[in-house]
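With the hints as constraints, model all of the structure from the sequences given.
Residue numbers (the working numbering), protein chains in the order written: chain A, 1 to 342; chain B, 1001 to 1342; chain C, 2001 to 2342; chain D, 3001 to 3342.
Among these hints, one or two may not hold up.
Said to hold, decoys possible - According to the in silico footprint, chain B covers these stretches of chain A (three or more CB under 8 Å from chain B):
id: 1; segment: 125-139
id: 2; segment: 299-305
id: 3; segment: 308-318
Worth flagging that the hints you see were computed from the coordinates, not collected in a lab.
These numbers were taken from a predicted model, which means no experiment stands behind them.
Heads up, the beta-carbon is just placed ideally off N, CA and C, and yes, glycines get one too.
Number of protein chains: 4
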Amino acid sequence: MIVILKENINQEQLESLIQWLESLALNVQKIQGCGQTLLSLLGDTSGLDIDLIRALDIVEEVKRIQEPFRRSGRKFHPQNSILDINGIKLGDGHFQLIAGPCSVESEEQICGIAHAVKAAGAGLLRGGAFKPRTSPYSFQGIGDEGIRLLLEAKHQSGLPIVTEIMSLSQLPLFEEVDMIQVGARNMQNFELLKALGQLRKPVLLKRGISSTLEELLLSAEYILAGGNEQVVLCERGIRTFSNYTRNTLDLSAVPVLKSLSHLPVLVDPSHATGKSSLVPPMSLAAVAAGADGLLIEVHSNPPCALCDGQQALRPEEFHGLAKKIQCIRACLNEGSAGDGNV
Amino acid sequence: MIVILKENINQEQLESLIQWLESLALNVQKIQGCGQTLLSLLGDTSGLDIDLIRALDIVEEVKRIQEPFRRSGRKFHPQNSILDINGIKLGDGHFQLIAGPCSVESEEQICGIAHAVKAAGAGLLRGGAFKPRTSPYSFQGIGDEGIRLLLEAKHQSGLPIVTEIMSLSQLPLFEEVDMIQVGARNMQNFELLKALGQLRKPVLLKRGISSTLEELLLSAEYILAGGNEQVVLCERGIRTFSNYTRNTLDLSAVPVLKSLSHLPVLVDPSHATGKSSLVPPMSLAAVAAGADGLLIEVHSNPPCALCDGQQALRPEEFHGLAKKIQCIRACLNEGSAGDGNV
Amino acid sequence: MIVILKENINQEQLESLIQWLESLALNVQKIQGCGQTLLSLLGDTSGLDIDLIRALDIVEEVKRIQEPFRRSGRKFHPQNSILDINGIKLGDGHFQLIAGPCSVESEEQICGIAHAVKAAGAGLLRGGAFKPRTSPYSFQGIGDEGIRLLLEAKHQSGLPIVTEIMSLSQLPLFEEVDMIQVGARNMQNFELLKALGQLRKPVLLKRGISSTLEELLLSAEYILAGGNEQVVLCERGIRTFSNYTRNTLDLSAVPVLKSLSHLPVLVDPSHATGKSSLVPPMSLAAVAAGADGLLIEVHSNPPCALCDGQQALRPEEFHGLAKKIQCIRACLNEGSAGDGNV
Amino acid sequence: MIVILKENINQEQLESLIQWLESLALNVQKIQGCGQTLLSLLGDTSGLDIDLIRALDIVEEVKRIQEPFRRSGRKFHPQNSILDINGIKLGDGHFQLIAGPCSVESEEQICGIAHAVKAAGAGLLRGGAFKPRTSPYSFQGIGDEGIRLLLEAKHQSGLPIVTEIMSLSQLPLFEEVDMIQVGARNMQNFELLKALGQLRKPVLLKRGISSTLEELLLSAEYILAGGNEQVVLCERGIRTFSNYTRNTLDLSAVPVLKSLSHLPVLVDPSHATGKSSLVPPMSLAAVAAGADGLLIEVHSNPPCALCDGQQALRPEEFHGLAKKIQCIRACLNEGSAGDGNV
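Shown next, in the form of structure tokens:
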């Protein structure tokens, strides 16, 4: 970290700053330019509050050299992580399709979809029991009963399940859930993240719609810092001025996240675009950009879905898409230019 | 609400849609254009899930005429709301300055600041006990002890206090807190909002950094729908490409929110700009735009603040600012052009 | 177009509005709801100024049903356009790689690169002679001499050339240029667009960094309205809060533009990301999303490039990438799910 | 400027970089940290292309200490600039209201408005002759005739006039225009800016809807570098996700621009908000934030305006607003906390 000091500063204040920094086990070097003084800090600065230093009277600017994410970053963990989700591997070449309806509606619905997506090649089943909705008057999911039906579908199909948690208080209901999803709106619900850090269960962490990649990795860091190393990141669109799609799918996030972090990276084209016609092209694009898996909404009867039907694929559309995905993955494996780890 | 149907639709599907809508106690009128059919829905459509209808095969587009916020909106509640925060009135001409440090640090600190801001004209004391921080390695506030010190400062100064809650599980600690703040990151923590709706205590709801005004009002609606009518909204900057300030203070939100809703509207220039030098001009601008109050960070010794010191005013700066604010409020009251309710 | 009127309006004003609309050869239908009146306008409303109607006292809202882009839109031109750029076809299955340096530097440089990219499969040569630069103190291109060198490279390699125009006054220099590029900053330089509409030469129109897709199509409409039908659109990243890449590549724009318009759509991953390591994955993603071609910066010696060297590929990297692109295009052609025209 | 080098670099490359930098008359200091090497560059770096250095193989990051705007910045020109627009002073305490219609329509219209706004206190008359419109089918202004009518209104009222130029080729028509406006879409039309730099006439430069403040100042730098020192900046709203107003008025830009630059700063609340009801509160807010003047659309009969009538004030509304503005300016002058020059 480099601390750039203001001109003509009080030497006493400077000495007191240096002493304080050294008390934090940092090696401080004073670099005298022409009228400009810099401090170069060496050692573990990841716990240092950069805003605190910036706030000091004598400091002009602070420049972090070392990344602030030591557990999610590649520096101390260069090899790709592989998650094990009840026997299904994800990451470092293990690609997974995670498919299912936006919302669990009935046993017939969820079990039917489970069988259909498994036949098409999905490795995990997704479905919402608790639904975060902008308006209190919108359908909020069927709750506990949804979890029960997902477990029944898992039992019948053999697919591990992933479903979203909205609050710490729901945690006991998630005991048999194979992977817990944290939605975009809760990406900075830090108390929830801390609690998930105490588990030893895979967590799917979605990027908030206005989160930088650094913020996403720092939210992952909250979970990893608790000792839970089973985290997968998910790009699902960011909020911009662009208005033909619900959100703007930021696919550059895939190769960037994979270069910064060892964690697997998923993409959710269904929520990002909000339109089923855009899901196939953006799914293929995500795979070509190097994603480790996709989260895709599938519904047997989209027009009658209780939630977000306009973005769901029919099982037969999902099946056709899965074949193209396989073809593209084969292209990537022939060389290395597009694998995202460039 | 107007439902615009696609061309050449199946008449059976249309009849079934009309029947379903009528079953929801809506008055449905079919309007036949040239090749285009519209349905006009009259009655209470606030509980209708607009996405559900959009998802139907035969529907081209849905246009909501009635606002979706019936409790926060002005339609059924035209007069301005007035909150009573332990004897301090806010809204409809009752303007309040809410001041204090970003973070509670010690009894001496918080009590000293409380006296100073009260002397300068503040009506409430703010201070953070639990701090939401992007990185798990940043200072997270002093927790329970912070609440205890705030109550001590309230006791000594007579100022009601407002402080932020981060999780449902912290609620018991907030029993004697006069107004509970929901931070920008929790604006869509719906389980928390529902719980606050069960209280009968003022809630300060901050706009999320990428929330539309409709989303902010719908989050307020979650609290109001529970029966708690004591809600105040707060603009604190949105995330844009602009990078000289921490966030972009969206002051147009003030007159827009006041025209859509009867709830009081505050502005927090300290968090929006992140720089103390910008707090005075943006405070005055917020007042001129019609804000019902301001949230301003004040610290006796900003360079030594444990958190966000670079955005805090010194007590004497706050005092000078408060005087100018009074002057501007007097200008507004001479006529009506700038009162935000235009 | 549907005009939604306010409640309790003056009948005289209404009649006068209807008469005016009918004078514009529109078929106007009055639709009376319960307290609400709508006007449905049928006929060619593309020339109608929607803001003008919205401004009327008695109008609540105007909703356009018909698209405002009649020449660039698919409605009256359902089949894909194919451009002929001096013998090279682009669009409707004709995919082209357009490669070359950011800036033309010398005859040796541009001719060397021309041969190298042709060998790797490029169909056109790109290179900047006039460079739009944010600062007046940055390198501004070598001007006229750059055009002369590009023509020499065209002569030697046989590749048609594309280069950027910055001002109407430069037009005479572009006589032998095969395709004229309008950069993002000039996308709404309407006087320039009108002049290009008078030519019968292909134009490559880049999306402005904060343009909606509707605005891009309306800028294309300026050229098409002049009678020049040879327009190709190019997505090159939009400005968002996200800060790891120079801009955010909005790949959803590809399938959306292709569904709205018959014009070919290119992607420029070099300018969008600003980092050479991200060019291969985002190139592959763009192809998988259905792009009709790519604009890629290639330089024999990126670290010594006079401009944007950090985003240029070396010829051998470009060669490897071109092979993978071919592989992915073969995957798309096996079915139809990812061809962008869904 | 500080150049941070990569670890383990080639010493020959380093020496050659240092030699090159020294050849540019810079004083280069090598600073050796632990594994990290920095170069500190002293001297005039304003002409240095930062991207060029970043592109070098051995460079990790470049940090500019000195501002890149030497003519528009305060460093070498600490005192506020004062423009003289045909006898009307603007800047450094000279506040001006610039008012008039979006579009010039007829002699009666423009002369009537000119007299009305002068009576209310306006110092300059604005009006559009050439209108940049997103669609080629929208009203494009009345052109040359508009300039002629503006000059007539100037003659009758005595108010200097400001109107927008859209293209270099229109320049001869602007000979008698007192201040030339460059619109948001042309802020980076560099050829136009260079030509305006050759004039000795005031230029009103509007911020592009997605321009950073640095980009705005660098565009001003293009004009100043040509020798024309009469430039005034104008904030008119930026494009964000927020959708209740046309653009998001970024009022923090006022104090930030005034701290970075000596140029006067105007605000245009009419275009930023797009709604006449928001113009009064945002005008007052802009004044309170420290603006040197406002650009306000006034029309005698807004519902019949040919362009943007929904954002125009009636003369009597403008008159009432002007009085409140005077009151607020008096508040600011009583002290210094809110004068934007903090």
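Comparing the hints with the structure gives:
1. 125-139: n = 8 at 8 Å, threshold three: holds.
2. 299-305: It holds, with 3 qualifying residues against the three required.
3. 308-318: Coverage by chain B holds for the segment 308-318 of chain A (3 residues, Cβ < 8 Å).
Of the numbered hints given earlier, the model fails none.
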